[in-house]
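> Each chain, letter by letter, is given below.
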Amino acid sequence: MNPMIRKELRQRMRERRAWLLPSLYLLVLGAVVIVFYMTVTTRPGSLEIAVQGATLGQGIFLAVAYAQLSLLLLVAPVFSAGAVTIEKEQRTLAGLLTSLLGPADIWWGKLAAALLYQGLLLASGLPVLALTLAFGGIGPRELGIALASTAIVVAAVSAAGLYFSCFFRRSVHATSVTYAFIVALTVVPLVAHAVLASLVGRVAREPTWLPYAMAPNPFYALSIGLFGAAERAGPWVGSLAFFSVLFAAAAVFAVRNIARGGEQA
Amino acid sequence: MIDARDLVKRYGALRALDGLTLSVERGELVGLVGPNGAGKSTLIKILATLVHPDAGAAAIDGFDVVGASGRVRALVGYMPDVPGLYQDMRVRELLEFFADAFRLRGARRRAAVEGALARAGLADRADTFVEALSLGLKQRLFIAKTLLHAPRLLLLDEPATGLDPLARIELRRLLRALNGEGITMLISSHILADLEDICSRVTFIAAGRLAGESAAATPRSLTCEIELLGDSARALTLLRERADVRMVESAGARVAVEVTGGPEAAAALLRDLVAAGCAVVRFDPRGGLEERYRRAFGGAAMSPRP
Numbered sequence: 003m004n005p006m007i008r009k010e011l012r013q014r015m016r017e018r019r020a021w022l023l024p025s026l027y028l029l030v031l032g033a034v035v036i037v038f039y040m041t042v043t044t045r046p047g048s049l050e051i052a053v054q055g056a057t058l059g060q061g062i063f064l065a066v067a068y069a070q071l072s073l074l075l076l077v078a079p080v081f082s083a084g085a086v087t088i089e090k091e092q093r094t095l096a097g098l099l100t101s102l103l104g105p106a107d108i109w110w111g112k113l114a115a116a117l118l119y120q121g122l123l124l125a126s127g128l129p130v131l132a133l134t135l136a137f138g139g140i141g142p143r144e145l146g147i148a149l150a151s152t153a154i155v156v157a158a159v160s161a162a163g164l165y166f167s168c169f170f171r172r173s174v175h176a177t178s179v180t181y182a183f184i185v186a187l188t189v190v191p192l193v194a195h196a197v198l199a200s201l202v203g204r205v206a207r208e209p210t211w212l213p214y215a216m217a218p219n220p221f222y223a224l225s226i227g228l229f230g231a232a233e234r235a236g237p238w239v240g241s242l243a244f245f246s247v248l249f250a251a252a253a254v255f256a257v258r259n260i261a262r263g264g265e266q267a
Numbered sequence: 656m657i658d659a660r661d662l663v664k665r666y667g668a669l670r671a672l673d674g675l676t677l678s679v680e681r682g683e684l685v686g687l688v689g690p691n692g693a694g695k696s697t698l699i700k701i702l703a704t705l706v707h708p709d710a711g712a713a714a715i716d717g718f719d720v721v722g723a724s725g726r727v728r729a730l731v732g733y734m735p736d737v738p739g740l741y742q743d744m745r746v747r748e749l750l751e752f753f754a755d756a757f758r759l760r761g762a763r764r765r766a767a768v769e770g771a772l773a774r775a776g777l778a779d780r781a782d783t784f785v786e787a788l789s790l791g792l793k794q795r796l797f798i799a800k801t802l803l804h805a806p807r808l809l810l811l812d813e814p815a816t817g818l819d820p821l822a823r824i825e826l827r828r829l830l831r832a833l834n835g836e837g838i839t840m841l842i843s844s845h846i847l848a849d850l851e852d853i854c855s856r857v858t859f860i861a862a863g864r865l866a867g868e869s870a871a872a873t874p875r876s877l878t879c880e881i882e883l884l885g886d887s888a889r890a891l892t893l894l895r896e897r898a899d900v901r902m903v904e905s906a907g908a909r910v911a912v913e914v915t916g917g918p919e920a921a922a923a924l925l926r927d928l929v930a931a932g933c934a935v936v937r938f939d940p941r942g943g944l945e946e947r948y949r950r951a952f953g954g955a956a957m958s959p960r961p
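Order-wise, the sequence lines are chains Z and B. Residue numbers for the first sequence follow the numbering used here, so the first one is 3 and each next one is one higher. Residue numbers for the second sequence follow the numbering used here, so the first one is 656 and each next one is one higher.
Just so you know, the hints here were simulated from the structure itself, not pulled from any lab data. One or more hints might be untrue.
[Unchecked claim] Derived, one-sided and incomplete: chain B residues facing chain Z with beta-carbon distance under 8 Å:
no. : residue
1   : 703
2   : 718
3   : 729
4   : 730
5   : 952
Positions of the beta carbon are idealized from the N, C-alpha and C atoms, including for glycine.
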């Protein structure tokens, strides 16, 4: 086992947030389920909807899936963007760089530890998500798509955060830029899609390439996977491909940066 | 062991190293002194494979620090000026992590960790968190960690910074012992007395270059500042005739001499001056390295003490 992973996990699990964060995470997901259920079942004319268990199940499933992705996007920079900067701030990076650990070992140790912790959160939310199977309207396929889409998006964003951590000297800068990057990923494709749609809408039917403008949006990967994977697999695959390329590019640049990181050590 | 030639390193417009050449033989304990910004830390970082030179080349035991950095890291132990340790790890955990990072396995790993604990005097505190250790103990732990993989060359950047006098004495004893075991060392320090005490040679560096020749550190060499009343000609003649006096400089009634043979030779010199009828009003023997440093880097050799 890569010693970096063991070290990172040991240090991470000693932090107070090691137990605090999963507790808060499950509390929020639980609250989403309760609020959604109460809102739907207590509004006027809700009896008809309540009888339609499948509709209720789909609604709760989507609410939890989006809440889960939102929470993990909030958490990802905390674990990834500070991973290397903390070594610079504590003056421990030189010790790693002068050991026989290669830059790729250091990168993988940091990323794996961050992803394992986020995987723990994702897994802990699984029972809440799977609860909706009891209502009907949601099957293992939807569950798998939601988990796969969330995992790929979170892994890519974490890899980007780790790159920023290699690039900057201070955790506060790396974390701020990672959050800004996530906001840009969310907002820019929405704006671009809206502008392109308005342009092409005047001259012709919506072209088949237009949905791909939304591919970098983290929530689009989840939405298109759940709503239209069978009929519109292209945009879903395109979105996941975008995040896979983002992951690979962030990995390459981060490893290169670690290899040259001695001047910041 | 170290062969650095024409090293150049720039940080923007600043030339941290400007064609520096340095050679250190196996088994030597070499001191590196110079004012702040002289390029000492940059040189050590290059030799430790942390920083790549812009020009020139450096090799450790024949392995290029850029082209064969992995081989170099296996040979080198590096201690930075601010040695960072993971405060939230226990002493044993920290040593085990670095043993793994140097790919030590099985019995060799166990022996290295136990040996490091014993060397640092921390065997009974192996389960203590690093943050609970004193600065001196942390320094010892860092050195023990640096020695885990049995390096043949130690690169120490200001190792005595922040240590109290007792910890410094202990550090000097440890470094001498390690050198006695055959480990070559390059030590950067501003504490000249420490270097004079332990180094076999001291190299002066300024503005990224060697400041003159490397001078052999002779711990038994003292520079004596002598102030005479009246004519100093007789004293100068007597001083220049002595075999244990290497250098004589005079400015009016003040004379500076470098005498070999330690305090005994200085005492004999003073006795002979007085016996020869010279009116000595001040006789101030100092370590030779401090005086050479003052001469090399602009301190007035003959200036009175504050």
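> Determine for every hint whether it applies to the structure shown.
Now for the hints, and whether the structure bears them out:
1. 703: holds, 5 Å
2. 718: violated, 14 Å
3. 729: This hint holds: residue 729 (chain B) lies near chain Z, its Cβ roughly 6 Å from the closest one there, short of 8 Å.
4. 730: violated, 11 Å
5. 952: Violated, because the Cβ-Cβ distance from residue 952 (chain B) to chain Z comes to roughly 26 Å (cut-off 8 Å).
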